Every structure is written in C-alpha cells, then in structure tokens.
Amino acid sequence: MFRATKLLSLVLGVLLIFTGCASPQDGASQDQTGDIQIKLGVIEPVSGSMAPLGTAEYEAIKMAIDMVNEEGGVLGKYKVEHVFADSQSNPSVGASEAERLITTEKVPILLGSYSSAIAMAISEIAERYKVPLWEMSGATDDLLIRGYQWTFRNEAMASSWGASGVEFVAEYAPEALGKELKDIKVAIVHEDGPYGTAVSDGNRKYAEKFGMNIVLDEGYSSKTVDLSNIIMKLKSAEPDVLLLTSYVTDAILFNRQAKELGFKVKMLVTHSGGHSVQAFVDGVGKDADYILTVDPVPCKFNTDALSPELEALHEQFVERWTEKFGNPPYHHVESRQFAQTILLLKEVLPLAIEKHDGVTPEAIAAAAKELDLPDGSTLMGYGVKISTPEDPFRDPWLGNEHIGQNIKAHAYINQYFDGTLHTVWPEEFAAVEPVPVLPPEHPLAAQ
Amino acid sequence: MDFFAQIIINGILLGAIYALISIGLNLIFGVIKIVNFAHGEFLMIGMYLTFLLFSQSGIDPYLSIPIVFVLLFVLGILIHKIILQPLLGKAEFNILLTTAGLGIVFQNLALMFFKSDYRVIQTSYSAAKIELFGTLVSVSRLGAFIVAILAAVILYFVLMKTRIGMDIRAVSQDPEAAVLMGINDKKIFTITFGLGVGLVGIAAAIITPIYYIFPTVGESFSTISFIVVVLGGLGSFHGALIGGFIIGIVEAIGGIISSAEWARVFSLLIFLFILFVRPSGIMGKNARV
Chain Y
0 MFRATKLLSL VLGVLLIFTG CASPQDGASQ DQTGDIQIKL GVIEPVSGSM APLGTAEYEA
60 IKMAIDMVNE EGGVLGKYKV EHVFADSQSN PSVGASEAER LITTEKVPIL LGSYSSAIAM
120 AISEIAERYK VPLWEMSGAT DDLLIRGYQW TFRNEAMASS WGASGVEFVA EYAPEALGKE
180 LKDIKVAIVH EDGPYGTAVS DGNRKYAEKF GMNIVLDEGY SSKTVDLSNI IMKLKSAEPD
240 VLLLTSYVTD AILFNRQAKE LGFKVKMLVT HSGGHSVQAF VDGVGKDADY ILTVDPVPCK
300 FNTDALSPEL EALHEQFVER WTEKFGNPPY HHVESRQFAQ TILLLKEVLP LAIEKHDGVT
360 PEAIAAAAKE LDLPDGSTLM GYGVKISTPE DPFRDPWLGN EHIGQNIKAH AYINQYFDGT
420 LHTVWPEEFA AVEPVPVLPP EHPLAAQ
Chain R
0 MDFFAQIIIN GILLGAIYAL ISIGLNLIFG VIKIVNFAHG EFLMIGMYLT FLLFSQSGID
60 PYLSIPIVFV LLFVLGILIH KIILQPLLGK AEFNILLTTA GLGIVFQNLA LMFFKSDYRV
120 IQTSYSAAKI ELFGTLVSVS RLGAFIVAIL AAVILYFVLM KTRIGMDIRA VSQDPEAAVL
180 MGINDKKIFT ITFGLGVGLV GIAAAIITPI YYIFPTVGES FSTISFIVVV LGGLGSFHGA
240 LIGGFIIGIV EAIGGIISSA EWARVFSLLI FLFILFVRPS GIMGKNARV
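So the protein lines, in turn, are chains Y and R.
The first sequence: position 140 = 139 (numbering that gives the first Met the number 0), numbered continuously.
The second sequence: position 188 = 187 (numbering that gives the first Met the number 0), numbered continuously.
Quick caveat, the hints were computed from the structure, so don't treat them as lab data.
Some hints could be false.
As the list claims (entries may be wrong) - Taking lysine to aspartate or glutamate pairs in the EDC-like style, the calculated list, with each CA pair at most 16 Å apart, reads:
{"#": "1", "chain 1": "Y", "residue 1": "Lys407", "chain 2": "Y", "residue 2": "Asp390"}
{"#": "2", "chain 1": "Y", "residue 1": "Lys234", "chain 2": "R", "residue 2": "Asp1"}
{"#": "3", "chain 1": "Y", "residue 1": "Lys232", "chain 2": "R", "residue 2": "Asp184"}
{"#": "4", "chain 1": "Y", "residue 1": "Lys354", "chain 2": "Y", "residue 2": "Asp371"}
{"#": "5", "chain 1": "Y", "residue 1": "Lys222", "chain 2": "R", "residue 2": "Glu218"}
{"#": "6", "chain 1": "Y", "residue 1": "Lys222", "chain 2": "R", "residue 2": "Asp1"}
{"#": "7", "chain 1": "Y", "residue 1": "Lys232", "chain 2": "R", "residue 2": "Glu218"}
{"#": "8", "chain 1": "Y", "residue 1": "Lys345", "chain 2": "Y", "residue 2": "Asp371"}
{"#": "9", "chain 1": "Y", "residue 1": "Lys105", "chain 2": "Y", "residue 2": "Glu80"}
{"#": "10", "chain 1": "R", "residue 1": "Lys114", "chain 2": "Y", "residue 2": "Glu58"}
Computed from a prediction, not measured in an experiment: that's the story for all the values here.
Please build the complete structure, drawing on both the sequences and the hints.
Here it is, written out as structure tokens:
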C-alpha cells in the first residue's frame, strides 16, 4: 500500500511538472521611481492539440519583445516584460488564465490567442475587466460583431478571406475556363469550426453575388481521420472550382484521399489555415505547387511599398529566427505574430505613453483607436485604422458591424511555386503572375 | 453502383484501421480489466518510432512492424511492471488516473523530444491506388487492411492454440481459479499488457504512411477506439473487429446520405442503440449494470 501511494505520488508529481500551467516570469524587480512599467499578458496554447503552432507563435512574440528591448525598449527607454499563460488549447482555460493575468498579475493588455474559439472566450474576460485584447490570429467574424469594445484586431476577418477567394475566381476563371460566371460550378468545403464556417460564409455570399453555380456546400470536423465521404460527393458534383478551408492534418489528409479516390478539379483555392504552413508542404511534397491560398499575411511579396526601416527589421527577424531555430520563420505563423507584436510595441504603446501618459488599459485602448497609419507602414503591408463603437465598420459581404477591426486590412492570395508561397493578388503586392488553373502535371488537375 | 461499392470499400478500409487500433485496448481490458487511457499515446509513440526508423535508417514502415512491435511490447512490460502492477487490486480509480497521467506525460515527452512539428513520411505508395472491380483502392489502406486481418488471425491463434494464450484466457475468465491452477497471474498480466501495447505498435506502423504524426495525434484515434471496443463488447476479441468495421462503414455511408459533419453522429447513434439493446456490447458476455 505504502509503495503504491509513493509511486502514485511520484507520477502525480511528474504530471504536475509537465502540465503545470503558466510559470510567471521571475522578472526584474521594478524600480519605484514612478517610471513606466510595461507588462504584457501573453496567452498562447503551448500544450494540447494546438501546441504545434501555438508554441511557434509564442516564440515569435518573445522575439519581437526581445528585439525591442535590445533597442532600449518602447520609445527607446521603457523595457517590456511579459507574463505568459498557457491556454492548453482549451477556451475555458484561456478565459480563466486571462482572468488571472488581469486580476493577479495586473497586466494592462492581453496578446494572443491562436484560435478563434479561445479568442472568443478571452474577449469576454477582456470586456468584463475593460482590458484590451490585442488579437493576432483569431480571425472569426463573431469576435468583433458582438458590440464589444475592448478587443482589437489588426488582421482581415475570416469572411473577407472567403470573399477574396471568390473575387479572385471571378477575376480569373471566366477567361481561364472559357465560361460565363453563371456557368462556373463552385464547391465550398470547409472545416466546421468558427474559422472555417466564417470563411465559407464569405465564399457563399460572394459566389451568390457573382451568380456562380454552387454545386456542393459542406462542412466537416477538422479532427476527422477520414474525408472519403466528402471526396466522393465532390466527385459526383464535378465542380470547376473548389473553395477549400482546412487546418493542417485535414489539409494533408484531403490531398492524399483526393488522389487515392481520383478527384479532379480545374481551380483549387484554399483559405490559409493548414494550406499556408510548412507542415502542409512537408506533408504533400510537390503536390503543394500551384495551390492558391488566401492568407491574411503576404508572402514573398513586392516589398517596394514598405519603409526601409521595416524591411531592415524584417530581415533582422528572419536572420535571428533562422539562427535560433535552424529554419526561416514561416509567414503564416511566426512572421504574422512578429509583425503584429511589433505594431503594438512600436506604434500603439508609444502613442499611449506620449499622448495618454501611460500604459493603462484605457490609454492603450485609446491609442489603438486613434492610430491612423498609411498602407506600407506595417510589416503586414496594409495600413491601420481601427473601427470604433461610434464609427463601426459594416462589411460588404455579410453586412455585419465590426468594432475594433482594422478596416485597412485585407487578405492576400499566395500561390505555391517550388514549394514556396509567392503573393499573386492583389496586383499591387503581387511578386509574380498567378497561375489560376492547375496545370496538367498536378495530380488533382482536371484534363 | 460503382459509387455505392466505392463507399462500402472506403468504409471497410477505414474500419480495418479502427479495428486494429482497438484490438490492443480491448485485450488489455478483457484480461487485466484496466481501462488504458494512455492507449492513444502508445499509438503516437509507435508512430514516432516508425517515423524515426524510416527517416534515420530508411526502413520501410511495413518492415518496421516487427521492430516497433517488439519495442512497444518491451515498453508495455516495463510500464506495467514498474507503474501499474503495484496499483493492481487497490482502488480502480488510481489505475484510471495513472494511465490518464501516463498519457499526458508521454504527450509532453514527445513535445520535448520531437517539438510540436507535424511529421509526415512519403513512401512510394503513400497516395498510390489500384483499380479493383471498378473501384479505386488505396494501396496503403489495402496494406493496412491486410495487416489488420493478419494480426487478428495470428492473435486469435496465439490465444486459442498456445500455452500462454490459454493462460491468458484462463486469467481473463476467472482470475482466482486460474491462480489456484498454478498460473502466475502477475506474469500473465504483464505479458498481456505488453502484447496489447505491442499490437498498438503494429497499428502505428501501418497507419504512419497514411496519416501524419504530432505529439497529440493519439487523441484523434483514442476516442474512436473506445467507442469501437465498447460497441463490440468490452473484452471480446471478435467484438473489437466487428465494432471497427461497423463504425467504419457507418461513417462512410452516414457521411454520404447526410453531411460529413454528421458521419460521427451516425456512428454514435448506432453505438447508443446497440448499448440500449445490448448493454454489454454486440459480443459482450455479461450484461453489466
């Protein structure tokens, strides 16, 4: 009995070590001279099913903070520290950790949070405590259409990705396929979480707007280990264009099962998520080539529009990341978090300090709302102007009112060439011309 | 007609994977009465081993089946001897918590050693297909099907025809009487646990060319294997096979007649229905309260 208890306590002890949530930074002691202290609350999933990309996001956020600190900090003099919490891939853990960061650690702002579902949960806490949530990857529309005033998003919302995908099809398909818009058969297939659903809403609305013929419109769970039934339906529907929204594993599975079951299509437009990450290329090899993917982040784009300082900063980040991890940062995960953390540290916080005397939640929120940056002045390419409760943004695809949304944000379309993504749309950011129709050498290409 | 035949084939091939993953879980429950919550993580470990053998030494996943089986067999024996055996016969709840805890430990160890990246192996047959009676059959899935059937047949013979198999069955059916007859039940438990974990290793090796590997990949399969095992009848050898194929075919058809989102709902409905009619599962012996 004694031995069993001892063993069990050993196991439990090990468990506690491994699952132990957030370890607060034993950060530098603060001087009490009334200097401004900047303490960010960061919430990312670094354990559980979302850990793969959540960990990478956190590393990028840390690197942005380190790089700013090495220049002396915000405005060159205020060091930034952060407190980290692990949401464990679980929205309710994310919410309780957000509450802890706000009430115990007294952070004036939260950064996060990888998934739309977690962002939704955290945003409710942010709203209740009136602390800004600087959301850097949760793309669902629902996040900002509930009238909440403390959540801010720099990126384009998910439904606009879906709309952009269809806009691209409308622009290129008639000529490439030799068909009128109304004769173009479109299939919409999406994972059925908040992200895939929001993207498909944009797909559907715009496909209807352009009068395309929707022959299949279906969701599936991204956790599934079998997509044969959806591929069988696609085979009988025979679409010209497939608008696909997936996470990583289902994107790889779709490619494999589509090949196994002999599904063919002329245009394949995917929407970020799984199709935009290196794991997809590793998983499908050469099959990635020519796949189009709508993405909130540009990739190998025409950087002429960026300021020289930004270009230099980005190069510095790429170099540093490559040195630390042995591979260049991936645009969809790391570069994206880096860009938005930098935006917060170099534009929002300085404005809060200079104009609103500090880094209180109110000052940061006020600064975020006042920010007005032209295109080319952020690492994301587009400018920044955040919609406010007084002047909400009504989106043209679903007609919802968004508060806290960067209205200058838009999606990009990237395409794989030799395993690397290149921005092909919109034209002013395009580095190369798009190849809209899958060429015959692609295994999914219809003849 | 071809369309329907194709769907049934898809379901059978999927069912074989479910069945093979579930056999080991079922064996462990049937004999030792342990609900092994770390089952999915043993699968994950087997997949990483297959991946390592392939990427480091170029060993094809099919050739690595015996290696992964033996390694996991040994791992199972060690885990059982060191961690689980001392808890046997004490509060059942402790074992439940311990296997669940082991699962978390394994996940985090995988995260430490392999990082969170998704790993995929590309074999020449990864997405290859052959035509069979007007239907398309994936080579790697057909291979998984054949291995699943072979593994089941071999296990069946081991259980029915060998001395150790008879001992295992004896302990499973009546532990006390078996001990009185001179069977060392501790040894049998240990071997059974090793065998159950080794079987998951076989499943891991053959699904590695079909799927992808990441530290929490086990979760995708563990839920379904619990459903399969309970549906077939906890502890029933044939039950796990039948359960696997039923779930595979129901999901394939269910996803066609309604939407893919509902495929799992159909299999869960069948699951509930069968439990309602036969509380101990299709092949379960004793109705349990």
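Taking the hints in turn, this is what the structure says about them:
no. : hint                 : in the structure
1   : Y:Lys407 to Y:Asp390 : holds, 14 Å
2   : Y:Lys234 to R:Asp1   : holds, 12 Å
3   : Y:Lys232 to R:Asp184 : violated, 52 Å
4   : Y:Lys354 to Y:Asp371 : holds, 14 Å
5   : Y:Lys222 to R:Glu218 : holds, 9 Å
6   : Y:Lys222 to R:Asp1   : violated, 28 Å
7   : Y:Lys232 to R:Glu218 : violated, 27 Å
8   : Y:Lys345 to Y:Asp371 : holds, 13 Å
9   : Y:Lys105 to Y:Glu80  : holds, 13 Å
10  : R:Lys114 to Y:Glu58  : holds, 13 Å
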